[in-house]
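Since the structure of chain A is already known, use the hints to place chain B on it.
Protein chains in written order, with the working numbering: chain A, 2 to 112; chain B, 17 to 130.
Hints in this document: simulated from the structure, not taken from any laboratory.
As the structure is a computational prediction, the values presented were derived from the model and not from experiment.
Yeah, the Cβ is synthetic: ideal placement off N, Cα and C, and Gly gets one too.
Please note that the accuracy of each hint is not assured.
Stated by the list, open to error - One-sided and incomplete, this derived list gives chain B residues near chain A with beta-carbon spacing under 8 Å:
#	residue
1	K65
2	S68
3	Q117
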Amino acid sequence: NAGVTQTPKFRVLKTGQSMTLLCAQDMNHEYMYWYRQDPGMGLRLIHYSVGEGTTAKGEVPDGYNVSRLKKQNFLLGLESAAPSQTSVYFCASRGTDYEQYFGPGTRLTVT
Amino acid sequence: AQSVTQPDIHITVSEGASLELRCNYSYGATPYLFWYVQSPGQGLQLLLKYFSGDTLVQGIKGFEAEFKRSQSSFNLRKPSVHWSDAAEYFCAVGALLTGNQFYFGTGTSLTVIP
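Chain A on its own, in the form it takes in the complex (with noise of 0.2 Å):
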């Protein structure tokens, strides 16, 4: 039992770049998160997804992209990439009682 992972776990692209980060859950949560963790700012939301198929925007969706084709997995896009969304990036998934597992995270350097 994996719980939630996280895939790269480091990442550096240049401005302009786009890039895919992977969060796979293997509990068979129906509801997903993508946040951002910037010094001094804790956790903001930046899109959700309530079920296979479907996704919402957070506080922060602007500059991503997300995708829920399957249960397990939740995809986040960024198309092109700027220095801004240099980041650390957590993936979480929570079932019926409200607890979030988080993955480990993604620290991505925008340059």
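What follows is chain B alone, placed relative to chain A:
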């Protein structure tokens, strides 16, 4: 709008001393409240949660929190801190009735002095 305030950015305590981390929230309905802990380079782990009922909730690692509706607070406490408690602590409120979203505070960094 929902929001969470953690007024203490950084706290330093001696090992064995008591600890209280403050959390204030703003939410129109009955809140779902959470405390998470994050060790360096790790994801977040749930310490405890409050939905309803007894306003004093017990969590893992000897932590407890008290919900005070009149003060819009959900402070985290531990009677005797251990060196392994050094970490970042986040309070969160769940706006689950309106949008399935969670809002996090900016965190409190805890340093434990031997």
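Are K65/B and chain A close enough, Cβ to Cβ, to be under 8 Å, as the hint says?
-> With Cβ-Cβ at 7 Å, under 8 Å, it holds.
Given hint S68/B near chain A, where the shortest CB pair must fall under 8 Å | Status violated, d = 12 Å.
Holds or violated: is the Cβ of Q117/B closer than 8 Å to a Cβ in chain A?
-> holds (6 Å)
The structure fails hint 2 only (numbered hints given earlier).
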